[in-house]
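*Asks:* The chain contents come next:
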Amino acid sequence: MTIIETVDLKKVFRSVVRRPGIGGAFAALFSREYEEKVAVENVNLSLQEGEIVGYLGPNGAGKSTTIKMLTGILVPTSGSVRVAGIVPWKHRQQNGQNIGVVFGQRSQLYWDLPLRESFELLRAIYDVPHDRFAQNMRHFNEILDLDRFMETLVRQLSLGERMRGDFAAAMLHDPKIVFLDEPTIGLDVVAKEAIREFVATMNRERGTTVILTTHDLADVERLAPRIVLIDEGTVIYDGQLAALREEYGVYRTLVITLAENYPEISVEGAQIHERDGSIARLRFNRHEVTAETLIRRVLDTYRITDLAIEEPDIDSIVRRIYTEGYRAQPLPIGG
Amino acid sequence: MALAVRPRFRFEPYVEFGKKAIAREATYRFEVFTSIGSFVLRMYLLRMVWVALYAHNAAPRGLPLHAILTYSAVALLMGLVLDIDQVSSLYDKLHDGSIVSDFMRPILVPLYFFADGTGEVLFHAALVLPALALALLIVHIDVPSATTLATFALSFVLGYFVGFCINFILNCVAFWTLEINAVQLIVTFLTDLLGGELVPLIFFPLAFQHVLFALPFAAMFSTPLLIYVGEIGPDRYASALGIQAAWLVGLAIVCVVLWRAGSRRIVVQGG
Numbered sequence: 001m002t003i004i005e006t007v008d009l010k011k012v013f014r015s016v017v018r019r020p021g022i023g024g025a026f027a028a029l030f031s032r033e034y035e036e037k038v039a040v041e042n043v044n045l046s047l048q049e050g051e052i053v054g055y056l057g058p059n060g061a062g063k064s065t066t067i068k069m070l071t072g073i074l075v076p077t078s079g080s081v082r083v084a085g086i087v088p089w090k091h092r093q094q095n096g097q098n099i100g101v102v103f104g105q106r107s108q109l110y111w112d113l114p115l116r117e118s119f120e121l122l123r124a125i126y127d128v129p130h131d132r133f134a135q136n137m138r139h140f141n142e143i144l145d146l147d148r149f150m151e152t153l154v155r156q157l158s159l160g161e162r163m164r165g166d167f168a169a170a171m172l173h174d175p176k177i178v179f180l181d182e183p184t185i186g187l188d189v190v191a192k193e194a195i196r197e198f199v200a201t202m203n204r205e206r207g208t209t210v211i212l213t214t215h216d217l218a219d220v221e222r223l224a225p226r227i228v229l230i231d232e233g234t235v236i237y238d239g240q241l242a243a244l245r246e247e248y249g250v251y252r253t254l255v256i257t258l259a260e261n262y263p264e265i266s267v268e269g270a271q272i273h274e275r276d277g278s279i280a281r282l283r284f285n286r287h288e289v290t291a292e293t294l295i296r297r298v299l300d301t302y303r304i305t306d307l308a309i310e311e312p313d314i315d316s317i318v319r320r321i322y323t324e325g326y327r328a329q330p331l332p333i334g335g
Numbered sequence: 001m002a003l004a005v006r007p008r009f010r011f012e013p014y015v016e017f018g019k020k021a022i023a024r025e026a027t028y029r030f031e032v033f034t035s036i037g038s039f040v041l042r043m044y045l046l047r048m049v050w051v052a053l054y055a056h057n058a059a060p061r062g063l064p065l066h067a068i069l070t071y072s073a074v075a076l077l078m079g080l081v082l083d084i085d086q087v088s089s090l091y092d093k094l095h096d097g098s099i100v101s102d103f104m105r106p107i108l109v110p111l112y113f114f115a116d117g118t119g120e121v122l123f124h125a126a127l128v129l130p131a132l133a134l135a136l137l138i139v140h141i142d143v144p145s146a147t148t149l150a151t152f153a154l155s156f157v158l159g160y161f162v163g164f165c166i167n168f169i170l171n172c173v174a175f176w177t178l179e180i181n182a183v184q185l186i187v188t189f190l191t192d193l194l195g196g197e198l199v200p201l202i203f204f205p206l207a208f209q210h211v212l213f214a215l216p217f218a219a220m221f222s223t224p225l226l227i228y229v230g231e232i233g234p235d236r237y238a239s240a241l242g243i244q245a246a247w248l249v250g251l252a253i254v255c256v257v258l259w260r261a262g263s264r265r266i267v268v269q270g271g
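Protein sequences, first through last, are from chains A and B.
Here the first sequence is numbered in the numbering used here, starting from 1 and rising by one per residue.
Here the second sequence is numbered in the numbering used here, starting from 1 and rising by one per residue.
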C-alpha cells in the first residue's frame, strides 16, 4: 500500500535581496527587492508501507525542504503531498500522530528535563496507553541501553546518549512513518551501530516506513535497499541501490605493484588510470574483460610483487553523480 | 486510506506542559532569590517616592497615601507573578528553528505556549507568599472585602489572558519579519507606562485617561488594581470586567487569524 505520495511537489522561497554595504542596508529599509529561489521542483515520490528509502543529495539539494513538507511544517508552493492519506500541512495534528522524526542536529527532547520525564511528557502528548508505553520502553531499553542515563537531564547527555533518547522518543507512539534526518551525524561507531540496529529492528518488527536522509552512506548500505538522489531541487535517481552499483560499478580497478622499473606500461583491455612509482592502477570494464584475463595479460608482460582489485564503493559512485550528474550510461571513471 | 478526522481534544498534554514548566522554573533557584530581592528593593524605593511626593501634596484624585502604597505593593506582587519570559518564546523558536519540533507533534501549538506560560505563572504565584511577608515589613497593605478580593482575582486572571494575547500577537509578527526586538521594546514601554503598573492611570489628565482606559494595556494591570483599591466600585465591576472580556475576545480573534496566516508562511531558518 502506498503510504507516501507526492506529485509535482514544488517549494519556492522568497527572500529579500540585500545590496552590499551600509548604503544597501539603508536602501533595503525603503524598497525591497525579492528574489525567488526554487528549493524543490517536480518531486514525485511514492513509498510503499514498510519500505526504507535513503534520501540523498548534497547540502542544499532540497532534502530538508522535502522532509519539512512531508512533516507538515512547510506548505508546498504547488503540487500535492499525502502522507498516510493525510495532507500534512492541512492536518498537522493528525499527521503528527502518524509520524516520528529524528533530526541529528536538533533534539526533540525537552532540554531542561531528565530523559525519563521527556518520555512521560511524550506519552501524554501522543496518548500512548500506559501498558503500551511500558512495553515500548522495555523493548527500546534492550536495544538502546537507555536505563544508564534515564534520570540525567537531557542537556547533560552525551551526543550518543541523546541520540539514543531521540530515537526512542520518535518511536514511542508507534508511528507508521519515521523521518530520520542525518541521524548518525557525529556519532562514534558503537552508537552508530546501535542506532542502525534499532531502525532495522523497528522496520522488521513493526513494518515502520523509514525515510533516511544522511551523508553517511554506510547508513544507507546497511538499511536502505532503495535510494532517491536529489540535486538542485530535482530527483535525479530513484531506484535500487544495487542497480546503481551495477550501473556505475562496471569499472573496476586492478592495482599492481611492479617488481622492476618499467618506464611505460600498457595492457590490452585496460587503461592506466594512475601511476605512482612502482604502483599502477589499471581501470577496466568488467563486461569487456574479466579480471582473470587481465591478470593473465599483466603477468605475461610484467613482473609484479602484489596485486589487488578495487570495487567502486558507494561513496565514490555518489560523489561522481553529485559532481557529474546522473547518466544511465556512465562514462568510465577518470576517462 | 486513513481519513483526516479531527482528533478528540485532550487536556492531558497541556496539563503536562504546564507541570513541566513549573518543574523547569524550579530548577532555576537563583532566579527565585533575585526576583524576590528585586521585588523588595522596588517596594522600598516606591514607598520612598510616594511618601516624599505625598508630604508636599494633598492626595491626588482622592487616593490617600495608604491606598497608593497598597496599589504599588499589589502591582509589584502582580508583576512578580507575571514576570515570565513568554514574551519571546515563540519568537525564539521561530528564530532558532526549534518551532519545527512543535509543529510535528499532534498538539495545538498556541495552546502549548499558553500552558507553558501558565505553568511559569503558577510557579511564580508560589513566590507571592514570601514576597508578601517581606512587603509587609516595609508597607501596610489594605485588605478589601471578600467580594472585592474575588472580583480582583477574576479581573487579574482576565488581565493575564489579555497580556498573553498581546504578547502572542507581538510574537506572531516574527512570522513576517523574523525580528521583533524594536516592536517588543515599544510594547514593553507602553505596557509598563500605560498599563498602570507604576503609576495609577487616574493620575493622568482626564482627557488622556479616556484614551488610556480604552487601550488593552489598562486591562492588564490597571483594572484589577483599581478594583482592589476601591477606585472602581462595585457598581462598575460589571462594566470593568466586561471591557476586559471584550478585549480578551477581540485579541484572541486576532491571535487566531495571525497564527493561521503566519504558520502557513513559516520559513524555517537554516537546514
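Keep in mind that the hints were calculated from the coordinates and are not lab data.
Be aware that a few hints might be false.
Claimed, not checked - Listed next, the in silico SDA-like pairs over lysine to any residue satisfying Cα-Cα at most 20 Å (straight line):
#1 A/90 to A/80
#2 B/19 to B/89
#3 A/10 to B/93
#4 B/19 to A/80
#5 A/90 to B/58
#6 A/90 to B/178
#7 B/93 to A/111
#8 A/37 to B/89
#9 A/90 to B/106
#10 A/37 to B/93
#11 B/19 to A/130
#12 A/192 to A/46
#13 A/90 to B/112
#14 A/90 to B/109
#15 A/176 to B/101
#16 B/19 to A/10
#17 A/90 to B/19
#18 A/90 to B/29
#19 B/93 to B/77
#20 A/90 to B/132
#21 A/176 to A/315
#22 A/10 to B/263
#23 B/93 to A/138
#24 A/37 to B/266
#25 A/192 to A/141
#26 A/90 to B/9
#27 A/90 to B/8
*Asks:* Keeping to a limit of 20 Å between CA atoms, is the pair of residue 37 of chain A and residue 93 of chain B held or broken?
*Replies:* Not satisfied, since the Cα-Cα distance of roughly 24 Å exceeds 20 Å.
*Asks:* Residue 93 of chain B and residue 77 of chain B were given as a pair; does the straight-line alpha-carbon distance stay at or below 20 Å?
*Replies:* With a Cα-Cα distance of about 29 Å, the restraint between residue 93 of chain B and residue 77 of chain B is violated, given a limit of 20 Å.
*Asks:* Assess, step by step, whether the Cα of residue 93 of chain B is no farther than 20 Å from the Cα of residue 138 of chain A, and give holds or violated.
*Replies:* violated (33 Å)
*Asks:* Could you grab the alpha-carbon distance between residue 90 of chain A and residue 80 of chain A and see if it respects the 20 Å cut-off?
*Replies:* holds (11 Å)
*Asks:* Quickly compare the C-alpha distance for residue 192 of chain A and residue 141 of chain A to 20 Å and report which way the hint goes.
*Replies:* Roughly 16 Å separates the two Cα atoms, so the pair holds.
*Asks:* Is the hinted pair residue 90 of chain A and residue 106 of chain B satisfied, with a Cα-Cα distance of at most 20 Å?
*Replies:* Status holds; Cα separation ~13 Å.
*Asks:* For the pair supplied as a hint, residue 19 of chain B and residue 130 of chain A, confirm whether the alpha-carbon distance does not exceed 20 Å.
*Replies:* holds (19 Å)
*Asks:* Checking one constraint from the list: CA of residue 90 of chain A to CA of residue 112 of chain B, max 20 Å. Satisfied?
*Replies:* Roughly 19 Å separates the two Cα atoms, so the pair holds.
*Asks:* Going straight from one Cα to the other, do residue 90 of chain A and residue 19 of chain B come out at no more than 20 Å?
*Replies:* violated (30 Å)
*Asks:* Within 20 Å, alpha carbon to alpha carbon, are residue 90 of chain A and residue 29 of chain B?
*Replies:* violated (42 Å)
*Asks:* Can the restraint linking residue 10 of chain A and residue 93 of chain B be considered satisfied, given a maximum Cα separation of 20 Å?
*Replies:* violated (25 Å)
*Asks:* What's the verdict on residue 90 of chain A and residue 132 of chain B, does the C-alpha distance respect the 20 Å limit or exceed it?
*Replies:* It is violated: about 49 Å lies between the C-alpha atoms, which goes past 20 Å.
In this structure, the earlier hints numbered 3, 4, 5, 6, 8, 10, 12, 16, 17, 18, 19, 20, 21 and 23 are contradicted, and the remaining ones agree with it.
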